[in-house]
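Respectively, the protein sequence lines represent chains A and B. Using the working numbering, read the first sequence as starting at 1 and increasing by one per residue. Using the working numbering, read the second sequence as starting at 1001 and increasing by one per residue.
Honestly, the hints are just simulated from the structure, not real lab data.
DSSO-like, lysine-lysine: derived pairs with alpha carbons at most 27 Å apart:
1. B:Lys1078 with B:Lys1267
2. B:Lys1234 with A:Lys329
3. A:Lys320 with A:Lys355
4. B:Lys1432 with A:Lys238
5. A:Lys298 with B:Lys1412
One letter stands for each residue in the lines below.
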Amino acid sequence: MELRENDINVLRTLRDAGGTASVEDLSQKTGLADAAVARASLTLSELGLVKEQTTRTTEVFCTEEGHDYLANGLPERRVATVVHDGGGKLSASEAVQQAGLPLDFVSIVTGWIARKGWGKIEKTSSGALLMVSENPPKDEDEELLERIGQIALPIEELPPNLKHAADRLLKRKILASKERTQRKLEITPLGLDAIPTQASVGEVSGLTSEMILSGDWERVRLRAYNVSSPVPSLNPGKYHPYLRFIRMVKRKLVALGFREAIGPLVETAFINDDCLYMPQDHPAREIHDLYYLKHPSKASLEPWKDILEKVAQTHENGWKTGSTGWGYKYSREEASKLALRSHGTALSVRSMISKDLQIPGKYFAIARCFRPELLDRTHLTEFNQAEGIVLDPSLSLRNLLGVLEMFAREVAGADKVRFKPDYFPFTEPSVELQAYKEGYGWMEFGGSGIFRPEVTEPLGIKVPVIAWGLGIDRLYMMNQQIQDIRQLFTTDLEWIRQQKVA
Amino acid sequence: MDLEDLLGQKVPRDEDGLNQMLAYVKGDVESLDEQNDSVSIEVKDSNHPDIWSVEGIARALRTHLGLAKPKAPILSGKSVLRVTIDRRLGPIRPFIATSIVKNVKPSENALKSWISLQEKMDLTYGRKRRRASIGFYQADLIKSPLRYTVGNPDNTAFVPLGSTEKMTLREIVEKHPKGIEYSGIISSFKEWPLLTDGEGKVVSLPPIINSNDLGKVSTDTKNILVEVTGTNAKTVGNTLKIVVAALAERGGKIYSCAQTYMNNGAKPVITPDLRSSFKEFSVSYANRILGASFKPAEMIRAFVRAGHPARQVSKDILRVESLCYRIDIMHQVDLVEDLAIALDINKLDPEWPRIWTLGGLALETERNDTLAEVMIGLGYQELLTYSLTSPEVFVDKMGIGHENYAELLNPKMSTHTAMRSWLLPSILNLLKDNTHVDYPQKVFEIGPCVLVKENGEGRTETRYKIAAVTIHTAAGFTEIRSCLDTLLGSIGLQFQVEPTTQPSFLEGRTGEVMSGQKRIGLVGELHPKIIRAWGLSLPAAAFELEIPPRAVA
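Modelling step: build the complete structure from the supplied sequences, incorporating the hints.
Following this line, the structure appears as structure tokens:
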């Protein structure tokens, strides 16, 4: 970026001022308006040529009383002078009156004269007697008062002895103070480099197109930069760290021959639960585990009327699947309720009822799911599940284990795997995948199974279907050593910017 | 450990060792309490109530570990108790099944286990007592015949369990903790289910609470009456079987009772029905599912360990017995899983499926990724925010009117009550937390929104949108419009920007993005009122677009 004249002016002035100056100083020295200096400083700080510092100072200035004393002298000075000029000995009340001060000043004035060592006080029956033999020299209080005069002075810039004086005068309400925020600019090494030298003949700071074309570059000397000095940092555009991880998982699944499935976030209970042979009064379907919609609350099941009948009968009595069924009265009303997708398996149902389904086939989805949870370190109300299915007449439980083992090694980078019996209402047999990774130990990593005939047959699928799900949120947390799951949806832009892409 | 006494063998004390053993019953250690030498177990199978008690777990492990052969619970005889059922219960809670288990004299551990089994069954299998609920009573205090009848909520009174005062049925439902919890099951009826004994004493108000006099079972109780009422005959019968089988595990003798339903004059129903069920089981079918070639004899040995006595009836067919409490066996495939567990799935050799399929991303993903690539090239940081948010965020704070959005029936947090219909508010919601972070801030998100439709499948549509915001001292229309043009130009979409107004944006600096006749989005400078509403203080410009369908050639 080309620096404007004002920018350069500010930089030069800064350098000449010893590297640091306040905005007001700069405005004075450059002759630019405050606003122009501020604009220049913004540009320069964005480029890293100057650093802005905000300092807070306390300024002291004269109160009304202070102004009076500035003109007429401090009370103790006035009284001391009266006493001295009057022969060196006078009653205190007399002296105060002669000095033109009210009588209630007597004790204050005698106090200060004594404390400052300007004279002696003798107590007599008729009151205090003041003795001042010499005209006292100007003291720090008076020096400070003169120095301040009509202006406000930062207390921090005073020498230590005057700081004490300031404290005293503040207490006496001769001075008052106010807080002031001051913006100062400091030139950086980069800023020093950026000041165009009033080119001594033959030395230039920047190469121009003209020089390159004309060959002038041969006749000039390019000023050397300090290449080791720091430069301004940039914030590049990047993938969100968690979405980057999800893209990586998707690539791996695609490489393993899986085709991605997508589906809506709002599903009917029919697709989300019933097609998965979860009985309608199953405890997991209650209001605690599913977000139902108030508006719109229901949807027509007309598009699914063919499979609806079979699913209903399978729930009631097993239909033709060879199962006993759940033995309850299936409700189409319940089936038509709308809810937020609560598990990725709903997307596997979508794949199975799609007219594009192919056998043999492998499908996956990274599904955003929703459950009524309060947010804490281990729970999100909105989260992701990786889910999928494999369909083929040849499939067996050993293939299911083979799929899980491949995921553990390829996607999670696990060293060893083992399997545990598991339970899902929609798969039988059901298997939990546990993966071992050096430094992490054994971890539960996914659930899987072969869909029950009560699931597949009503959907018109006559081959074994392996269904699997991976805890992708937890896998990412493990990879990135994140302890709190809420970090996945963090609003901390700085953290997002700082995450490594590797 | 109580489990060891029931099992007759030492069990491991470390979590991994216990988990290995509990794998047979799909159990996981939740917490170990070394001081009390107890362990809390999560049993995953929500359709397997016979292992929801320490008795049931011990019984299953005994056969799996080869310590015993499966043994069906037996009926020791008929009890003298008769039960009559009032026809008026028909629409309310028609079914009851009872049994007396004699000679129990339960230990503290046993009582604890049975109460816990009762609670779990009431909750899960009994669907929070709606479908079935269990009661225990001191059998010796109850005179036959037991009448399952109805009572007037205001004229009937008894002392409920855990209380000292007589209360009417209505008082119980309104004041007793159990009454309040389960009142929904009966409160809509005029008359409520009631159990009274031969002397007319109230035994219980099913499914709410027992009588304090007759329904308090202690370590001194020798003979226990188990009663199950409910709305589903099968569930009621199954629940009784499972409970009495658990009681019998500790030496109790099971006696049957006769139920007479007054409505049909049919012969009495004798409960519990402890008969096993039998299934023909195909060896080749099982081997196909397992991907193995086990011999019939191997399968029979494994079935015995899994608690299913079995014998071969022909070359390919086994006759497999499921004991009365194995109500989870719905299909032959359930037996295959029991077999696989007994054979140990870790002994099966994993094999990647030998099928060839073409992998690929969804078209929508490809399209979203293309847009992300261009935005990142323009220096924009990608974001991820919640799609579940609240109208305060995506309506009120944007200065727009309440439109049609998908709203939750049962929100859990006031910040998550509806599905967003656009992305820009989510982005501003993030930027408001970052006023201390270096500017310029240039961010974008491609994410799902939910739109409500008048009709059509699902009544809603999930649509991906893209939104971008630039915020810094010099942010403005030209900058954001340049990004928009670059983005849409990169994917080859023809579009125009026409002047429009929208309350979130500054009038005169807002455009609607038109692709042909279709409005696909908005672009403009954010209104200072909106910027302030979000606690921001710098100029900001933004666009939001629906993802253009099939824009990529």
